[in-house]
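Chains as they are written, first to last, in our numbering: chain Z, -15 to 335; chain U, -15 to 335.
Keep in mind that the hints are not guaranteed to be accurate.
The list treats identical chains as interchangeable, and a pair is accepted whether it falls inside one copy or across any two copies.
Think about it this way: if two alpha-carbon atoms lie no more than 25 Å apart in a straight line, the pair counts; the simulated SDA-like pairs of lysine to any residue are [to be verified]:
(1) K314 <-> T5
(2) K164 <-> N71
(3) K243 <-> K271
(4) K314 <-> E298
(5) K314 <-> R284
(6) K314 <-> H227
(7) K164 <-> Q327
(8) K271 <-> Q334
(9) K130 <-> E242
(10) K243 <-> G216
(11) K314 <-> R20
(12) K243 <-> E163
(13) K130 <-> V206
Bear in mind the hints are in silico, worked out from the structure with no lab data behind them.
There are 2 protein chains.
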Amino acid sequence: MSTHLVIMAGGIGSRFWPMSTPERPKQFIDVLGCGRSLLQLTADRFGTLVQPECMWVVTSAAYADIVREQLPQLPASNLLLEPCRRNTAPCIAYVSWRIKAIDPKANIVVTPSDHVVMDVQEFLRVVASALRFTAETDNIVTLGMKPTRAETGYGYIQADMSVPSARNREVFRVDAFHEKPDLATAESYIRQPNFFWNSGLFVFRVSTIVNALRIYAPDISVIFEQLLPIYGTPAEQQAIDAHFPECRSISIDYAVMEKADEIFVFPASFGWSDLGTWGSLHERSPKDANGNVCIGQDIRMVESRDCIVHTTEERRVVVQGLDGYIIAEKDDTLLICRRTEEQRITQLSQE
Amino acid sequence: MSTHLVIMAGGIGSRFWPMSTPERPKQFIDVLGCGRSLLQLTADRFGTLVQPECMWVVTSAAYADIVREQLPQLPASNLLLEPCRRNTAPCIAYVSWRIKAIDPKANIVVTPSDHVVMDVQEFLRVVASALRFTAETDNIVTLGMKPTRAETGYGYIQADMSVPSARNREVFRVDAFHEKPDLATAESYIRQPNFFWNSGLFVFRVSTIVNALRIYAPDISVIFEQLLPIYGTPAEQQAIDAHFPECRSISIDYAVMEKADEIFVFPASFGWSDLGTWGSLHERSPKDANGNVCIGQDIRMVESRDCIVHTTEERRVVVQGLDGYIIAEKDDTLLICRRTEEQRITQLSQE
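For reference, chain Z alone in the conformation it holds in the complex (with noise of 0.2 Å):
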């Protein structure tokens, strides 16, 4: 039984405009400055566990060419594109389905690919002991983060921790899904031991999804039901590009996760991170004496404080005097805002 690791990598990043545009989203970029980007972080940091050619990467068809200059190690069959969005859901049943046709006896691990890990060893430790978890039950995994705030940027997940898993001790029934919480309940949420939050990681065998998603979503599995014929050919790509619109936008957490019965947690502690927002990519970074965030090549930062500023340009910036500020800019576009504004940068971003 082989590991696969499937790349999520579809995504636009819009709340990290202008560090992330449309032509090319947060998981591209090097976010962190440290000279990967968050998909080659994610991919580095599977490294020892999945053979490059157990490496899936699913991405919208535009940008095809980043994934293959940013992993040059991953097989081109193995690169699957979407030609128009529809959340997780039908991402995950088209790979699923790609890889059934090869392995199917495939245990898969699904990851985000603009999500930041600080303990890699402890995240590779879950990791390896949820994959023999699924190896030998019909069992969907998700990974649940131990919260440390009550954050209202993330999913939750309540689980059953009166009793573990008798194949794995550290795995919980899951007794339900919670969606981003208002400030007052994911309150409430930490305050309670069994609730973690939903990193978008799952771990499952190819069969356990495929039978989920056939019998929760049946109207996705039979679109990627009868294209068996041609995975793997060169017919492929033409008919995913006919026939993968036609699926309704759904994330897997709703298609499946929120529906099926036996979907277990894994309460987890890898200093993990979606890096949804400019504040956790601000908790996550390293900081000056004055709270500074600096990601770019030549940053100073004069009598200003808490501020975070990205550029990925070899540009110099010289800030005085600015307290709790964004500042990031990319190509032809520079940004300064509030961190307290930062939910709207999406919308200054368009207007």
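Position chain U relative to chain Z; hints supplied.
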């Protein structure tokens, strides 16, 4: 008697960094966002008063190509190149001897290249009137700006206004030149009707300034006197490169104006600014309803006021929640600085 125009274009505009850089200082930049550089606006301003063959530009050798590109009408022989910076006295000495060599009766107006004038009609009236005055007398005229505020960034001219010149009722003898004052002194100056800002605009016949330099700056005069045989010959530049550096660095105000007796001032009001500070640029530029000055192609201000944004590139800028800042961007440099701290920009640019 021909009227000659001398444009001094050798400054480095360090206070406007990064808009102004040593490679392309302020006078060569479209500071006002009107499609013409300050140098071009200066030449344009005199368009009807001076024939192209009587226009002269003195600048650093490093800026020769920029001047040729921006002023294609300037005759090649009328571009004088300083091999090093020696302030305005050697600059004016060089061009005065150079003009004297071909037109000993020349009547000359000298202007900085990086100032703005709002009321060009009144400006031309004043300059023409001053030129008529110097055509008939052996006097030097400085244009004094009627002050509108207690500006500490300008030098002041104190006039004896008891009796105007018999030849021009608008012209008065100068009692004293005063350096940039502190605020209390500036306030006392502007309460008196005979104090004017020193604009750096001078009018004189070539014989007048040459004689004044011979008397008050003989060490400088002798250098340009000895070069008389080579002006206008192919040997000129080499001789200037060899001997110009021998001049001490001194302004024409110190070298001549403050010492000579026959100095007159022509008080005037034509909406002049030396654009010496971001504040003066802010003051001189059209503002939006919130007091923002936006010079650039695509600048959007949200919940921001009293800012000045300058980008010479086709760059998109979105600013949210800033009050009283300078945001200036050029080439590979971005500066964000409180307007109240603008006097530190030169320092910030150098660290």
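Can you list which hints this structure breaks, lowest number first?
Hint check: 3, 6, 10 and 13 fail, others pass.
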